[in-house]
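We have chain A already, so just place chain B on it with the hints.
Taken in sequence, the protein lines are chains A and B.
Just so we're aligned, residue 15 is where the first sequence starts under this note's numbering, counting upward by one.
Just so we're aligned, residue 418 is where the second sequence starts under this note's numbering, counting upward by one.
Take these hints with a grain of salt, some might be off.
[As the list claims (entries may be wrong)] Partial list, computed: chain A residues near chain B (C-beta under 7 angstroms): (1) T137; (2) V140; (3) V227; (4) E232; (5) S276.
Hints listed in this document are in silico derivations from the structure and should not be mistaken for laboratory results.
Model, not experiment: these values are computed from the prediction.
In this text, a Cβ means the ideal position worked out from N, Cα and C, and glycines have one as well.
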Amino acid sequence: MSLLEVENLEVYYETEEGPAQAVDDVSFTLEEGENLGIVGESGCGKTTLAKAIIGILPDAGYVNNGTIRFKGDDLTAMSAEGRRRLKWEEISMIAQSAMNSLDPVYTIREQIVEAIETHRPGTGRVESTEIVTDMFELVGLDPDRADDYPHQFSGGMRQRAMIAMALALEPSLILADEPTTALDVIMQDQILKRISQIQDEINSSMLVITHDVSVVAETCDRVLVMYAGKVAEEGPVDEIFNQPYHPYTIGLKRAFPNIRMSDQDLLSIKGYPPELIDPPEGCRFAERCPMADERCRVEEPEAHYMNDLRTYCHYAEDIDRDLRPRADREETWEQTEAARAVQQEADD
Amino acid sequence: MSTVTDPDEDALLEVRDLRKYFKVDQGWISSILQTVSRDEPDYVHAVDGVSFDLRRGETLGLAGESGCGKTTTGMSLVKLHEPTDGDIIYDGQSLNDATDGEIRQFRRNAQMIFQDPFESLNPRMTVYDTVAEPLRIHNITNETARVQRALEFAELLPAEQYFDQYPHELSGGQRQRVAIARALVLDPDFIVADEPVSMLDVSLRAGVLSLLERMTDEFGLSVVYISHDLSLLRHMCDRLAIMYMGKIVEKGPTDEVIENPQHPYTRSLINAVPVPEPNVGRERVELQGEVGDVIDIPTGCRFKNRCPEYIGDVCDQVIPPLEAKADSDGVADVACHLYESAEGYDPYAELEGRPSAGTEESAGPGSAQADD
Numbered sequence: 015m016s017l018l019e020v021e022n023l024e025v026y027y028e029t030e031e032g033p034a035q036a037v038d039d040v041s042f043t044l045e046e047g048e049n050l051g052i053v054g055e056s057g058c059g060k061t062t063l064a065k066a067i068i069g070i071l072p073d074a075g076y077v078n079n080g081t082i083r084f085k086g087d088d089l090t091a092m093s094a095e096g097r098r099r100l101k102w103e104e105i106s107m108i109a110q111s112a113m114n115s116l117d118p119v120y121t122i123r124e125q126i127v128e129a130i131e132t133h134r135p136g137t138g139r140v141e142s143t144e145i146v147t148d149m150f151e152l153v154g155l156d157p158d159r160a161d162d163y164p165h166q167f168s169g170g171m172r173q174r175a176m177i178a179m180a181l182a183l184e185p186s187l188i189l190a191d192e193p194t195t196a197l198d199v200i201m202q203d204q205i206l207k208r209i210s211q212i213q214d215e216i217n218s219s220m221l222v223i224t225h226d227v228s229v230v231a232e233t234c235d236r237v238l239v240m241y242a243g244k245v246a247e248e249g250p251v252d253e254i255f256n257q258p259y260h261p262y263t264i265g266l267k268r269a270f271p272n273i274r275m276s277d278q279d280l281l282s283i284k285g286y287p288p289e290l291i292d293p294p295e296g297c298r299f300a301e302r303c304p305m306a307d308e309r310c311r312v313e314e315p316e317a318h319y320m321n322d323l324r325t326y327c328h329y330a331e332d333i334d335r336d337l338r339p340r341a342d343r344e345e346t347w348e349q350t351e352a353a354r355a356v357q358q359e360a361d362d
Numbered sequence: 418m419s420t421v422t423d424p425d426e427d428a429l430l431e432v433r434d435l436r437k438y439f440k441v442d443q444g445w446i447s448s449i450l451q452t453v454s455r456d457e458p459d460y461v462h463a464v465d466g467v468s469f470d471l472r473r474g475e476t477l478g479l480a481g482e483s484g485c486g487k488t489t490t491g492m493s494l495v496k497l498h499e500p501t502d503g504d505i506i507y508d509g510q511s512l513n514d515a516t517d518g519e520i521r522q523f524r525r526n527a528q529m530i531f532q533d534p535f536e537s538l539n540p541r542m543t544v545y546d547t548v549a550e551p552l553r554i555h556n557i558t559n560e561t562a563r564v565q566r567a568l569e570f571a572e573l574l575p576a577e578q579y580f581d582q583y584p585h586e587l588s589g590g591q592r593q594r595v596a597i598a599r600a601l602v603l604d605p606d607f608i609v610a611d612e613p614v615s616m617l618d619v620s621l622r623a624g625v626l627s628l629l630e631r632m633t634d635e636f637g638l639s640v641v642y643i644s645h646d647l648s649l650l651r652h653m654c655d656r657l658a659i660m661y662m663g664k665i666v667e668k669g670p671t672d673e674v675i676e677n678p679q680h681p682y683t684r685s686l687i688n689a690v691p692v693p694e695p696n697v698g699r700e701r702v703e704l705q706g707e708v709g710d711v712i713d714i715p716t717g718c719r720f721k722n723r724c725p726e727y728i729g730d731v732c733d734q735v736i737p738p739l740e741a742k743a744d745s746d747g748v749a750d751v752a753c754h755l756y757e758s759a760e761g762y763d764p765y766a767e768l769e770g771r772p773s774a775g776t777e778e779s780a781g782p783g784s785a786q787a788d789d
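Excised from the complex, chain A in its bound form (with noise of 0.2 angstroms):
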């Protein structure tokens, strides 16, 4: 049994023109202690997934179709009491805003206490107390500034606090989302440190939600690539990252800068991801895609797979062949319907 697995998902929002499909038939399956980076851009879903499995989604969203199983018992159907238990003794998440997360007239000490109470009951103070203590210790803060508020600590202490506070129960499945986004480098760097290191201390799985694909490169196992609330491509890190099969995925890797390339021409993927009030029939990323063609408008694409990579791609087995060669070339990421467009309207 996996820690969790996740089994055609459909989250949807409720909007006055009828229901966005943020995260639409998405299926995965987290294995214990191996951690999975979810990217994409922003609006692809990944945060909505996030929620859905912690439990917080907003009022309007909902969890239309499809299973979340954890350890074994489905959370969609689970009371909202049951959820709460599971909610940091067993998943726990870190948010990208520290600030937000912590309450500004506690302590971070009666914060992290409070949570291992109402976890626990029975805890006593000076047992609460020394966990305080440890994870104070493991994620590089002085214990005796626990006493402090909020306001008190700079950006890089309140995120290693929420962590600290994340990891407290030692809960099974930590979401991390953007951990790091809102930090320097430098503290990104030992943040990360400190996650992994803890990870192997408690044995816990992580799903990453990121936009920076060199943090998912760094820390995780496998990779799920969504595109307008639909997984894209999902596999082994080396894989997505050195001969992925979604022409997303070949595209969405040319866009970043790399510290350790001199000269590379970064490239974009010309125009938007598809409205999801009313998303298109067929492949979501026909618009913006090289290779696509009439049957990718209408046809919605399979599971293709390659080597270990899941790929929705109707051409899959034609990238080596085709897109790969020419991933490179600007020319190529112009041969697009979507930078047609532009381009026409340019001439008119």
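Then chain B, alone, in the frame of chain A:
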């Protein structure tokens, strides 16, 4: 201003010992107490003695962590801040001595692109008015044609379609393009771009970056890029200056600074940048502590408390100047006592309680490695 200071023929802008301090706001009670007791008020030393040249057609990157003074430096360059001390020499003309007319001319030639296109554009102004405003301020005619050309250059096509739109109708990428068009409409000599893509979604960044590159090439502009993202600066810049607590610690050609960093801080900073390739190991040096206090500035080197290469009293007491080094294996200028000055400066001569004579021989600990 004297013309003796090194006449770099190519320099469009010479920044000389620029300083910008901000008074710390402590509330009125303590400020009254301070007046009564005649204490010196506290200052944040945001930029504290920065010198560099910006050559014609060059792209220079200013990098460093939050609070290192890179944005304050950038804003001082386009006169959005009045420097506390130091001078900027533009095209041979000292801005300290410049007349109002010369300053106006300078402002026309110096433009800035800000980080957040959601905040930098006036929400009540149409795209046309936003881009035309600088032309009106500087009484430049032929407005419509210039606005149209700027928008077209920024790939907002067809330009007329954008004229009457308001910022809220545009995406982040389009807004940043409007900001770029506004900066270009006056045909400036140089642009300061402060984190120009950090607020944009990844898929849009490459597009705006290639527009900025085209801007540099086609207009022959000099550009100062300010960013904490070294991967991005490596991609965009000819030269790089690394800042720490208001000072430049290392400055040189981009490839040199990134591949062969000399200053211990530059090394830690570059080693901390994650690489988008799995299984590429990198050497991780964990720095102790956090960036120090920029109000009560420490003596000597500002990096000394976190420095893995700390070598004692000289770091504690003598401020390392940014200079060419005789015994480093790079060509960058470095502000660190680990290396021996190429110009014969001896920091040990300034050490308290130590005779200056005879120290040349046993100078820096790195002197043993000197091979020329």
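Status of each hint after checking the structure:
1. Checking A:T137 against chain B by beta carbon gives a least distance of about 32 angstroms; that is not within 7 angstroms, so the hint is violated.
2. Proximity of A:V140 to chain B is violated relative to the hint, the smallest CB-CB distance being about 31 angstroms (cut-off 7 angstroms).
3. Nearest Cβ of chain B to the Cβ of A:V227: about 5 angstroms, under the 7 angstroms cut. The hint holds.
4. For A:E232, the shortest C-beta to C-beta distance to chain B is roughly 5 angstroms, which falls under 7 angstroms, so the interface hint holds.
5. A least Cβ separation of about 5 angstroms between A:S276 and chain B falls short of the 7 angstroms threshold, and the interface hint therefore holds.
Checked against the numbered hints above, the structure breaks hints 1, 2 and satisfies the rest.
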